[in-house]
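Residue numbers (the working numbering), protein chains in the order written: chain L, 122 to 329; chain Z, 361 to 1025; chain B, 68 to 366.
Keep in mind that the hints were calculated from the coordinates and are not lab data.
Keep in mind it's a predicted model, so treat the numbers as computed, not measured.
Hints are supplied without guarantee of correctness; some may be wrong.
To be verified - Interface residues of chain Z toward chain L, partial, derived using beta-carbon atoms under 8 Å: (1) Glu374; (2) Glu376; (3) Lys565; (4) Thr906; (5) Gly909; (6) Leu913; (7) Pro943.
Glycine residues also receive a C-beta, built at the ideal position from the N, C-alpha and C atoms.
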Amino acid sequence: MSSRRVIDVSGLPHHGFDTIDPVWWGNNGLLCIETSMFMITIATYFYLRQNFVTWPPPLGQLTGPLNPLPDLFFGTTNAVLLIVSVLPAVLIDVSARRNSRGAAQFGLVICLLFGVAAIVFRAYEFPAVKFRWDANAYGSIVWFILGMHLAHLLTLTLETFLLTIWCFVREFDMKHRLDITALSIYWYWVVGMWLVLYTIIYWTPRLS
Amino acid sequence: MADQKKQGTAKLIEVELPQSSIEQDRKQLEKTWAHAHGVLGWLMEVDHKVIGLRYIKTAFAFFLFGGIEAALMRIQLARPENHFLSPDTYNQLFTTHGTTMMFLFAVPIMTGMGIYLVPIMVGTREVAFPRLNAYGYFVYLIGGLLLYTAFILNTGPDAGWFAYVPLSGPAYSAGKRVDIWAQMITFTEISGLVGAIVIIATTFKMRAPGMTLSRMPLFVWAQLITSFMIIFAMPAVMLASGFLASDRLIDTHIFNPAEGGDAILYQHLFWFFGHPEVYIIFIPALGFISPIIITFSRRAIFGYTAMVLSLVATGFIGFGLWVHHMFATPLPQLSQSFFTAASMMIAIPSGVQIFCWIATLWGSKVHLRMPLMFVLGFFAIFILGGLTGVMLASVPLDLQIHDTFFVVAHLHYVLIGGSVFPLFGALYYWFPKWSGRMLSERLGQLNFWLMFIGFNVVFFPMHQLGLQGMPRRVYTYLPQTGWGSLNLLASIGAFILAAGVLVFLINVFWARSAGAIAGNNPWGADTLEWSTSSPPPVYVWEYLPTVEGRYALWMQNEKTPLVVGLSTTKREILSTSVVDAFPELRFEVPGASIWPAAVALATAVAFIIGIFTPWAFAVAAVLAFAALAGWFWSNPDYENVNAQNPTEAFMKPTEQPKELQPKEA
Amino acid sequence: MFYVSTAVFVVVLAALVVAIVKGYQQESSDDLPQLELTEANKKRRTNVVLASVVATVVILFIFLLYSFLIGKGLTSELAQKNGVVIEITGHQWWWEARYDNVDASSIFTTANEIHIPVGVPVTLSLKGGDVIHSFWVPNLHGKKDLIPGKISTIWLQADQPGVFRGQCAEYCGLQHAHMALWVIAEPREQFNNWIQSQIQEAVVPATDSAKHGQRIFLSSACVMCHTISGTPAGSNIGPNLTHVASRQTIAAGTLENTREHLASWVNNSQRVKPGNRMPTMSFSDNDLQPLLDYLQSLK
């Protein structure tokens, strides 16, 4: 019989929170990619701005402002909405960690509602920019920024939708609790990114 | 049952490991990790060894296509005012050649090498995200097929592999050629990004106990750093090609100067990606050279820490060079000088690596086998290319040799010398592991010398052609320029080089059935992949290894522990901590699944039909959601439900179990 | 730079070759791996590697300084002086050159061949017309891109008379390969004579054949793209032909300006430069000969 030194790992769990789980690394890697995308898009926004005397440029009409800024209402409402939505996001995060299924279900539904609302408001933000995407470079880049972030709102909301359904009809197991914590990180990221983009689109032209 | 055991830590114990139990585990593991079969099975398989080899073979096929394109170009350029190819065909050829080599060969083959070897080198059975990995391959394949379908139908892109606006914009490139190029970029970049995520997660979380970061093989370091570079560089080209596609398809004006857009912006976006891209291609090759030098000099590498820091430095500095592709544009001279400095500075970490390699070889016993021959080829060719790179970094000199054949010479010296030669060395080195057979040394020598001589005959004269004023991307030239004889020489060299590649293919096909049997470790190497059979079993190891030092197989002994306690009926691998590789989780990985192919199909609908109408994205979004929902909802096939878990049966501890503390791993 | 680079290359490769030759072993993989070096050995190697790195840094720094100083030298001086100002616009696949002047009646436009005076600074204002081109006359100056939406300026000076060839150095489409130009540097007096002749309107056709040729020119598609000043032909799409016979080459430096070449270019330019913007004309010989007579009279 051969005697052998071994490391017996049979007692180890299958999942762990945060950096212990490989999925955390995967998700945050994806967020690094998306952050890079937005950083470069923001750089593009400021680069194009150099080509314009006034930014936004004048509308092509004889009357009207020389500097048609995007309307604040929908963008600001969205920003406020998203900031408030951090609360249910924290709730689902905490309840997933504490294994409280009921609280997680509730929180997920609230998140879902916020997500849908944000998408609806975003749809109104596009016309609030006084130019279409094909009018000039200003219109193009602003629509791009709004559109890219909208894509994230859609993904976020759909992911919330899937997890909400799961938490109601299937087991509240460790894997899906981890998915909820990952979702909450994504949520914070989407909100944080919007605050940066909102400031850039709506305020940097006003403040200079 | 294992889940209900005392949850907690790993234990270091001594057990009896009778042969019969090992056999039983083996049989069970073969079933649990078995491949899926048939056509559907091909679509569903997620084994990283399978996916890795698919990447490598597909990329090599594209390498051959790219080479044929180059050969055709060389025939056209062999004589002045040649009529072998029309200007349109030639322009499609050089565009496709560059695009193929950069996007469809170089990056994917490095990805493939990493996907196959990184998990095994760090001591695990599978990558962290097998299904994501499979998705990455399908997306790459679709992108390549898209490009070549267009090319064969004479609607290939013809604006260069870099597709500068306004030439590539809606006004000056009619039809869908450039749109196809732009969307192909999307596919290959998604694939690269996905591969990077997989490699980072695997490298950080799946290393064998004992393999701290400072004991990680340099191959793995190179792949890790490359993966980080991919994450920060590829978004730039996604945006460049995305803006270009939208300028063309839906009339945005990002690059249209008439409406405030900017043509130089495109160059910034493209080269912010494009320069790191060449390091993304180069750094994995540096990761091939180190293990080959270590193995064939039978020595620890000199200056491991310096080597790691050099790789990191190269990665960082690589992001600060991009404007050196734009010295001829009207950017201010002072800012251009910054990029001259950075472009020269990057020679320093490369120099450190070269000096450390020579220091390793000096005074060692050198076994000059084929992998090392190709590495020597690297030294001769790459160093010359690096020196011409330093020349190009100087703005006044660059303004004369930019966009001439001098640059063509330089880039091929650094890419072929710096990546392709080490790659061939790596193929000779790891082919025995993948196939169980050794490649022929004699054919290898012929392969090497034909490639080495052929390469120099093609590309060395091009330095002179550039200095004589021959610009790039010209389908012909006037006889009065006097460029004819050097061009003819270069064209002859192309066929010598091609013969070398042909010999390699012959070697591969010969060796598959007639090569010497390799055994586990034909080279006497130190890294973990050489401790399993050639080719490895589907489950790689019955019991995962641990390591005692930087050179795993050279530093292990009978007391080096194995890992037991992972299920043989579920697909489990061991997840460990990032810095110290302390065991943390039994990580379940999924088996064969159709969902990666389904999501790849949705991606294909989005970006292929999106060439023709923007509504494709809306349709594809719905399809993608359905496929992702399926992926999310599916049973990940962790468990082989018909078996027992016999691991416990034989484990009779012969001494008191020791709870493992982090420092003891 | 070249000699230092060669020296570096030789030294590094020599070190490699010596290391390999010294250590060369025949077959055998069963010798034990050497995991540790002696302290003395390690120290020696560290010193050599460090010295090499320091040498590399020093050499690179010297290159950098040298490069920066030369770059400054290229751009600073000539910018101060006023000389000839030429505005160059890049087109697919020819060069438009407009000689600027304070006196508006002295402004003229020509194509593909520019004259400059020896010893006088020349300011070239480079504008992108359609796609990116790159102006490059190797004997006179490094290249500079012509980018739509931007203006680049370079200053050059010919110290000796000569005939210098340039070629577009940025891929610009189908006929990028055939987009050359000629720069003729001549003494001041000759240059002034050339200017004077370029400012004049086109020569009035003297012979019947040339007159017939002019009629053909003005009634066919030629007039849609080309300008001949002094005639109704005034389009800017193609090169200005007012003094086409005075040029040494045609088709952007692709063909020498002989009657035979002119005939094949005018009648079937798609054979010479496939994909260029001039359509195939297919004049009958009855029309072509007078037309050529006319064009060849436009000195």
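Broken hints, numbered, in rising order? The structure conflicts with hints 5, 6, although it agrees with all the remaining ones.
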